[in-house]
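Protein chains in written order, with numbering that gives the first Met the number 0: chain A, 0 to 522; chain B, 0 to 94; chain C, 0 to 485.
Just so you know, these hints were derived from the structure itself, not from any lab.
Beta carbons are placed, not taken as given, at the ideal position from N, Cα and C, and that holds for glycine.
Treat the hints with care, since some could be wrong.
Listed below are the simulated DSS-like cross-link pairs for lysine-lysine, each with C-alpha atoms no more than 25 angstroms apart in a straight line [as the list claims (entries may be wrong)]:
(1) A/K99 / C/K234
(2) C/K108 / C/K17
(3) B/K91 / C/K335
One side of the interface only, derived from the structure: several residues of chain B facing chain A at Cβ under 10 angstroms [as the list claims (entries may be wrong)]:
(4) K8
(5) A27
(6) L36
(7) R62
(8) T67
(9) Q81
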Amino acid sequence: MEVGIHYAPAPQGSGARIVKPGWRVDAISVVNPNLQPGDSQQVGTDFMEWETVIGLEIHTQLATRSKIFSGASIAFGAEPNTQACAVDLGLPGVLPVLNKEAVRMAIKFGLAVGAQIAPKSIFARKNYFYPDLPKGYQISQYELPVVGKGKLTIELEDGSSKTIGITRAHLEEDAGKSLHEDFHGMTGIDLNRAGTPLLEIVSEPDMRSAKEAVAYMKKIHSLVRYLEICDGNMQEGSFRCDANVSVRKKGAPEFGTRAELKNINSFRFVERAINFEVERQIDILESGGKVVQETRLYDANKHETRSMRSKEEAMDYRYFPDPDLLPLAINAQDIQAVRETLPELPDAKKQRFMQAFGLSDYDAAILTGDRDLANYFETVVKTAGEAKLAANWIISELSGRLNKEDKLITDSPISAAHLAGMLQRLTAGAITSKMAKEVFDAMWNGEGDADTIIEKRGLKPADNSAVEKIIDELIANNAGQVEQYRAGKDKVLGFFVGQVMKLSQGKADPAQVNKLLLEKLKK
Amino acid sequence: MTLDADKVKKIAQLARLDIDASAIPGYATNLSNILQLVEQMNAVSTEQVEPMAHPLDATQRLREDVVTETNQRDQFQAIAPQVDAGLYLVPKVIE
Amino acid sequence: MSLYRKSLAELAAGLHTKQFSSVEVTQHFLDRIAKHDKTLNSFVSITAEQALAQAKQADAQLAKGSMAALTGVPLAQKDIFCTQGVKTSCGSKMLDNFIAPYDATVVSKCKQAGLVMLGKLNMDEFAMGSSNETSYYGPVKNPWDTTRVPGGSSGGSAAAVAARLTPAATGTDTGGSIRQPAALCNLTGLKPTYGLVSRWGMIAFASSLDQAGPITQTAEDAALLLNTMVGFDDKDSTSLNRPTVNYTASLKDSLQGLRIGLPKEYFAAGLNSDVAKVIETAIAEYKKLGATITDISLPNSHLSVPAYYVIAPAECSSNLSRFDGVRFGYRCNDPKDLNDLYQRSRGEGFGAEVKRRIMIGTYALSAGYYDAYYLKAQKVRRLISDDFKRAFEKVDVIMGPTSPNTAFKLGEHSDDPITMYLCDIYTIAVNLAGLPGMSIPAGFAHNLPVGLQLVGNYFSEAKLLNIAHQYQQVTNWHTQMPKGFE
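The following block holds chain A by itself, in its conformation from the complex (with noise of 0.2 angstroms):
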């Protein structure tokens, strides 16, 4: 961990912050614990003895056409509230109508993850003034939610897999957008995605972790996109998640007090800002002080999270059924014309993968890990065979290559009929792995496909007799080492196997130059 983080509740005089309230918390404080900015940390800290508790609320944007109540198209990247008509401007005198593919998607969503579908639901407002907030309230879902108690299976690095309660999901609209850039001083408003179908699910406090909590977090994000019922794009905000962390001291039988991270848009960051805050707060607790339940923002810029509420208001949502809608009631049939569409999920698909393409648990869980990186893999698969061969090259190359440009493996320059065509050239010998390499980043800068690039670049491997020819100068010049193989010193061989792979500047392919050694050295 880092040391020395000081406490500190807000940056002082570093002007005004911009925060957003109207999200749900129970009690709203903020009090600074006895710790003053610049105390030191006590010497000498067992974080051993502590448990993290987290339990995350995810936001999905549900990948509807229109939004929840209207019907505003929720495209993203219009011009500012050219998306946003009578009803998701809370003009005076309008009304909502629920939008029926937001349901099924929210079924299909509860499907997936087993869990019970309300057969009455209940869509409720939670009022409070923003200006973002059209109407001065939300309607979202509170009492009865559509989706209520369901599970998800998470898989960790050392290969144990945990599975983690989900409380419910309920369905809700989104809010507009403030822009704090100066417009004369003011706030501009942006209400286009103000009505914007959402599912929010809410996790049990079962996380242990911020490993586990970004384990839970990435099998939602594949789980909806396997679903089709969220597009998963986080930097539009499609996928968001707030994060409930507590800490304790082991086995102690109740949670320590909470705080709810905010503002949480990658899986980078929900690791960073958990560790941040748990550090935080076991800070205060290991100091004395009280840990206070309030709501928190991460700013990912100075990695650190701060409070997000003046003390003077605590938050009072009023929540009631909204009168102006009635209860949403799912029957079995509902449920069943959508259970016939659920694709295949990826628990089903890891173990498929591993008994049809013989892979390893490994591979299969992060092929399948996300539904386009599973399509992709299959689609190579159908054209070169070679499933071990494709695995490993989609899982250390291909993937590699896209989280370093932090690109999608839908956006990936290499398609998986190019990836296909290279494989099938290595597995047919017409190029060593050394050259695969240079073809894959050749396609990778668009260079076309691998036989344009083969033949443009005049990639062979060396013929059998060039190799033999120096393999036979190499056992001549080296009697000493070829001796010492002789005698049993196996690792001698690496020594030649490399000689070879630099005297034929790599065109050897290593395979055939390892076999060809193991026979003319026996001889």
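With chain A's structure known, arrange chains B and C on it following the hints.
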């Protein structure tokens, strides 16, 4: 329930209503009287009664997921107090 | 007979038979508004130019023979219905500058039916009131006695029809806002079953209670106007998709064997004895028409006002949050920050009664009080609704007074909200249950009109109109006009 001036101020703040200080006692009296009237409900037991949110025993009708609205920003913003570059303007949001 | 003495039905007949043109009729009423409304203050906006243009169009349709039942007949709209291009104030300073970019469904239905809109009618601010004294545009006077209130919240509608400044008007009724002013102004007013008339474009007061309906001279007119107003609207989730009913078809049915229930609670202490006498006489008239009378009980009636003053304010506190000075409507001058913008725009834009109800509602919904107030009120609402269910197993219609008193003096109850609230003691339960209710002229007490309330089972509007119409065939209370407006 009797509401005192402090409570009235708190409610007014929650409802974002600026109430003149001189009017607060009047509101306190009126609101307290209304609450007294309302509390006549307590005379009847409602333990086993299901709350009624709507007069009709109907369920929510669903709308097809179709985009029906077109851009009417100019028309909508013609009645707005202050706009710029297509945005509604409000005093800077600061806390 | 002068044009203004004609009912909607008679005007429609005259237009159809070319006795007069829509332009003539429209101009006639515009002239009457110009002459009398300075006294009454019943209009917020007079849309003379548009009205005459609409009338011309109507005349063209009439000439072609391609008209509907009410083509060319003038009408005025309560200023709670959004009208594209014409100010919709809802009686509030908050919306004094608000020009809706759309028509309410009720308004577009009236337009489609060829009705000519004379203007927008004054009302209690956001429909909160029983005297029309809470309007930003000043109180409306009762044409029967201009020192008295016309009732509310549809007071402008009632006063304008009573003085025949318009042959008919629309109103809305959340706790009695059609029936009570109809009673106080000697008119026929109908609040339909909840969900029958679309609420789209009708500025919400309490969404689960609000319902629009006609305020007319006769039951036949109410039937004609209701035919125009009702209908399924896919823009309103609470709008009901029901088979079309022609409300004029059964007006002439006999009342032989009609079972009338008289709830003892509606004739108990609090009812003015002279009003009671008028009601009793009216009931006697129904006996003559072949009805049987049964005494019934609505045991939770006394809880309707208390429950209503939780539910309606709770819903209004939330419904009125959108009036925040950001996207439309009133914005205070030079707000110093966001909170100031909200507090002063709303503090200055809303009147005292609206603020009172917002505060009561805010309080009733707030943490720690929800169960004691809001949830309790919803349960009481169920009890009240169940009372009616039981009653309608035994009777076809429930009758009683619409209001415990006749029109009171302007300013008489202004400082006492509770007394004002109790004006609606007989009407509120009907909204809580979502039932249809009517008020019809039943006579006079001290020269002031008295209304008889008819409450029917769900979707019994045709029956109620029949019951009202038959009474109007044997009485002439409804044809009487206030002096000074002839």
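Structure-based check of each hint:
This hinted pair checks out: A/K99 and C/K234 have alpha carbons roughly 14 angstroms apart, not beyond 25 angstroms. This hinted pair checks out: C/K108 and C/K17 have alpha carbons roughly 24 angstroms apart, not beyond 25 angstroms. Among the hinted pairs, B/K91 with C/K335 is consistent with the structure: their alpha-carbon atoms are about 9 angstroms apart, no more than 25 angstroms. Of the supplied interface hints, the one on B/K8 is violated, with its beta-carbon coming no nearer than about 12 angstroms to a beta-carbon of chain A, more than 10 angstroms.
The closest approach between the C-beta of B/A27 and any C-beta of chain A is roughly 19 angstroms, which is over the 10 angstroms cut-off, so the hint fails. Nearest Cβ of chain A to the Cβ of B/L36: about 20 angstroms, over the 10 angstroms cut. The hint is violated. Hint on B/R62 holds. Least Cβ distance to chain A is approximately 4 angstroms, under the 10 angstroms limit. Hint status for B/T67: holds, given a least beta-carbon distance of 3 angstroms to chain A, under 10 angstroms.
Annotation: B/Q81 was flagged as interfacial toward chain A, and the flag holds, the nearest CB pair being 8 angstroms apart, inside 10 angstroms.
Hint compliance for this structure: hints 4, 5, 6 are not met, and every other hint is.
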